[in-house]
Amino acid sequence: MAGRRAERISKVAEQRGQKETAMARARISPGQLYKEIAVSKPEFESREEREELVRRREVGYVRFCKSAYKRFPSFGKGAKFKEHYKEAIDFLGWDLKAEEFSAAIKEAMFLSLLLGIIAVMGIFFFFSRELSAFLGEMFLFYLVVPVVLVAVIATYYVQNYPLNAAKVEEMRALTYIPEIIGYMTMSMKLSPNLEKAVEFAAEHGRGKVADDFKKILWDVQLGIYLTVSEALDELAYKWGKFSDEFKQGLMMIRASVLEDTEAKRYALLDKTMVSILDSVKEKMESYARALSQPSIVLFYIGILLPLILIIILPVGSSFSGASMARPEIMFALYNVAIPLMAFAFARNLIKSRPPTYEAPKIPDNFIGLPKKGRMRLGKKGAISIFAVVALVFIIGISASYFMHLYGAPPILEADGTAEKVLERDNKPANWFAPGGGKETELLRSGVSAGKLSEALRAEEQKYFMRPENDVTPYNLIFGLLITISICIALNYYYSNIYKRRIQQRIMDMESEFKDSLYIIASRMGENKPVEEAFKHAKEFLPNYKISQEVFGRIVDNINLLGMPLDGAIFDSNYGALKDNPSAIIRSSMRLLVDSVGLGVNVAARTMMSLSMQLQNSEKVTKMLSLLVKDITTMMRTMSVYIAPVVLGITTSLQKVVILTLSAISVESPSFAAGSLPASIPGLSGFQGFTTQGLGLVMKPEAFAQMANPAQFVFIVALYVIELVFIMSYFTTRIEEDNPILAKINLAKALPIAMIVFVVSVIGANLVVGGILV
Numbered sequence: 001m002a003g004r005r006a007e008r009i010s011k012v013a014e015q016r017g018q019k020e021t022a023m024a025r026a027r028i029s030p031g032q033l034y035k036e037i038a039v040s041k042p043e044f045e046s047r048e049e050r051e052e053l054v055r056r057r058e059v060g061y062v063r064f065c066k067s068a069y070k071r072f073p074s075f076g077k078g079a080k081f082k083e084h085y086k087e088a089i090d091f092l093g094w095d096l097k098a099e100e101f102s103a104a105i106k107e108a109m110f111l112s113l114l115l116g117i118i119a120v121m122g123i124f125f126f127f128s129r130e131l132s133a134f135l136g137e138m139f140l141f142y143l144v145v146p147v148v149l150v151a152v153i154a155t156y157y158v159q160n161y162p163l164n165a166a167k168v169e170e171m172r173a174l175t176y177i178p179e180i181i182g183y184m185t186m187s188m189k190l191s192p193n194l195e196k197a198v199e200f201a202a203e204h205g206r207g208k209v210a211d212d213f214k215k216i217l218w219d220v221q222l223g224i225y226l227t228v229s230e231a232l233d234e235l236a237y238k239w240g241k242f243s244d245e246f247k248q249g250l251m252m253i254r255a256s257v258l259e260d261t262e263a264k265r266y267a268l269l270d271k272t273m274v275s276i277l278d279s280v281k282e283k284m285e286s287y288a289r290a291l292s293q294p295s296i297v298l299f300y301i302g303i304l305l306p307l308i309l310i311i312i313l314p315v316g317s318s319f320s321g322a323s324m325a326r327p328e329i330m331f332a333l334y335n336v337a338i339p340l341m342a343f344a345f346a347r348n349l350i351k352s353r354p355p356t357y358e359a360p361k362i363p364d365n366f367i368g369l370p371k372k373g374r375m376r377l378g379k380k381g382a383i384s385i386f387a388v389v390a391l392v393f394i395i396g397i398s399a400s401y402f403m404h405l406y407g408a409p410p411i412l413e414a415d416g417t418a419e420k421v422l423e424r425d426n427k428p429a430n431w432f433a434p435g436g437g438k439e440t441e442l443l444r445s446g447v448s449a450g451k452l453s454e455a456l457r458a459e460e461q462k463y464f465m466r467p468e469n470d471v472t473p474y475n476l477i478f479g480l481l482i483t484i485s486i487c488i489a490l491n492y493y494y495s496n497i498y499k500r501r502i503q504q505r506i507m508d509m510e511s512e513f514k515d516s517l518y519i520i521a522s523r524m525g526e527n528k529p530v531e532e533a534f535k536h537a538k539e540f541l542p543n544y545k546i547s548q549e550v551f552g553r554i555v556d557n558i559n560l561l562g563m564p565l566d567g568a569i570f571d572s573n574y575g576a577l578k579d580n581p582s583a584i585i586r587s588s589m590r591l592l593v594d595s596v597g598l599g600v601n602v603a604a605r606t607m608m609s610l611s612m613q614l615q616n617s618e619k620v621t622k623m624l625s626l627l628v629k630d631i632t633t634m635m636r637t638m639s640v641y642i643a644p645v646v647l648g649i650t651t652s653l654q655k656v657v658i659l660t661l662s663a664i665s666v667e668s669p670s671f672a673a674g675s676l677p678a679s680i681p682g683l684s685g686f687q688g689f690t691t692q693g694l695g696l697v698m699k700p701e702a703f704a705q706m707a708n709p710a711q712f713v714f715i716v717a718l719y720v721i722e723l724v725f726i727m728s729y730f731t732t733r734i735e736e737d738n739p740i741l742a743k744i745n746l747a748k749a750l751p752i753a754m755i756v757f758v759v760s761v762i763g764a765n766l767v768v769g770g771i772l773v
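Each residue of the sequence shown is one higher than the one before, starting from 1 at the first, in the UniProt record's numbering.
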């Protein structure tokens, strides 16, 4: 018997050795073996949200670094992490080596430079003549500088991405850590078991910290850690360099297990929560204070930079001959470059915002909403939003064109025309046309034939820029701008206002739910069944929306339909939360249902703890809103009132700058300094000024290519619209991360900003006209 047993053992050992040898030859890793494991159990299939065992997907940045190292292994040879990079990558949990990281940085730099050089060479060989005529002698500089900037930005972005990602997670932790610690204390008060507390917090928590909790549970099951306590120690010191309050909180929760009485344990857990909230409050205040400087920078980018460019671009064009003040360049700067800079800056500020309360998401097919793209008309009717916007647009354009042609005397005169102005000055209609009277004057004054056309256009630009000769169609332009802003506002407002009303109703229900939890918990604490607790809450709080729409339906489902508690709340056809999108109410009800299975006393204590947890979360949200309120109010005022006023004045300053430059030009007698209007205050000393002594020559072709007043007003007005978009998005998302509210705020702000801009342009023209006459 013993010999057979020994023989069997030797055969098993031999078979195991053969398997191990085969595995070694095939180089099968343990991970590949785990991948082949299939889990199939009914309890996994019964969940509404079925979870599958899948390999964790790598972050896109990590995949990029690994692929860069595969393509260029020499780029990463001998690389080592600096300490702060290693800490950030370990904290994020990325499987990234120093060689891969270094290869990605070098590849980003070299590839961006190479692609930029190829693009510059192609543009130079095929379009050099056109660009030279368009941008002037410095066109190569304008091509090379963006390439270098792109290479620097790409390298900086790739190199600092791990640090920025770690900062984002650190900022998110300001909200997620109080939640996760709150859930742990809830569980520890019910049962002083660390493993259950971690499991409970991992199930109900959010963000990276909840994922880390799930991971340590898995690591304990695999035997990587012997106990949950050991895993928590590792996690605490991993997070300690980024969130010291979380490390201290975990240590205090661990210490609570050692307390010999329940009262001491409760006191230590409560102290942990207070300590966490105080630390978060300090960091929130620091974040709010740190917002002031970036907000000032955003003010510089959005308002002062356009004002400075109004002076720099015409002056630079006049002296260099480059076409920096052409309409195309102005459009690229004002309507593309500056808005992109402002948007990128604002977006980075928003990304640094701690995630607090998340407003309910209302789908397009939610009950009570009109069909997508339609607005309500009366109590039951509905009409297409597009049809209303189209009607307003047609009426606005028609009214604007009528005012352009006829005006509304005596309040509003019709827009002037070149023919009427020339006729008033006793000049023929073709005065500035080739072969006209002005061309003859220029030839007699000594302007060469090669520069005749540029000088003629410059003279025409200068003539019609004077206030008394202004032929800019302001009635048409202003009517068009106001019409466009109203159309955009109508579309955004009526596409979102109905969702916002439902969202506000759900948010009111969430606030009521936090109050009603105490009533439900106190009733269950008296050993009353849960359905009676809901009935009591409904009768005790009859004016609350949640009493009628949720608690009342739960009681009816249980008493009339005989449904169990889980079905009465979550049933897809009759459940009380069937049409309720609130994540707070849904997750809290799920917690209630799970805890009721352990007894009503346990459920009562859980609901009391949950009520305190929700109140703490609400404190964090209100704290951030109050702290950033002053800054967002200032930014909102700036975008709706200050920016349109400043930019409206800017449109008139453009005329002053161009007229002043043209008056001191010495390219031809018509641009002599003596032509400078003597009535301009403070400029009388320039009557004898010339640029010859400075070695500078102003070129008339530069004036001919500058944007005229009508073009410039359109460019600046479009920039005002873009600025209101950016600022409304920024202020709303900083104060309350709610896209629906951001669109409604935009709809309210845009027409006001455009009217302020129009009034500002009119007022500035009147002031400038009085000076230049």
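Just so you know, these hints were derived from the structure itself, not from any lab. A portion of the hints provided could be inaccurate.
[Said to hold, decoys possible] Cross-link-like lysine-lysine pairs, in silico, DSSO-like; alpha carbons within 27 Å at most:
hint : residue 1 : residue 2
1    : 66        : 86
2    : 545       : 380
3    : 196       : 247
4    : 66        : 372
5    : 420       : 361
6    : 372       : 82
7    : 619       : 528
8    : 189       : 619
[As the list claims (entries may be wrong)] Derived Cβ-Cβ restraints for the label pairs, each shown as a range:
hint : residue 1 : residue 2 : range
9    : 168       : 381       : 32 to 38 Å
10   : 755       : 542       : 43 to 49 Å
11   : 278       : 540       : 31 to 37 Å
12   : 60        : 371       : 46 to 52 Å
13   : 82        : 219       : 26 to 32 Å
14   : 755       : 413       : 36 to 42 Å
We put the beta carbon where it would ideally sit given N, CA and C, even for glycine.
How the hints compare with the structure:
{"no.": "1", "hint": "66 to 86", "verdict": "16 Å, holds"}
{"no.": "2", "hint": "545 to 380", "verdict": "23 Å, holds"}
{"no.": "3", "hint": "196 to 247", "verdict": "19 Å, holds"}
{"no.": "4", "hint": "66 to 372", "verdict": "44 Å, violated"}
{"no.": "5", "hint": "420 to 361", "verdict": "59 Å, violated"}
{"no.": "6", "hint": "372 to 82", "verdict": "53 Å, violated"}
{"no.": "7", "hint": "619 to 528", "verdict": "31 Å, violated"}
{"no.": "8", "hint": "189 to 619", "verdict": "22 Å, holds"}
{"no.": "9", "hint": "168 to 381: 32 to 38 Å", "verdict": "47 Å, violated"}
{"no.": "10", "hint": "755 to 542: 43 to 49 Å", "verdict": "46 Å, holds"}
{"no.": "11", "hint": "278 to 540: 31 to 37 Å", "verdict": "34 Å, holds"}
{"no.": "12", "hint": "60 to 371: 46 to 52 Å", "verdict": "37 Å, violated"}
{"no.": "13", "hint": "82 to 219: 26 to 32 Å", "verdict": "28 Å, holds"}
{"no.": "14", "hint": "755 to 413: 36 to 42 Å", "verdict": "20 Å, violated"}
Hint compliance for this structure: hints 4, 5, 6, 7, 9, 12, 14 are broken, all remaining hints hold.
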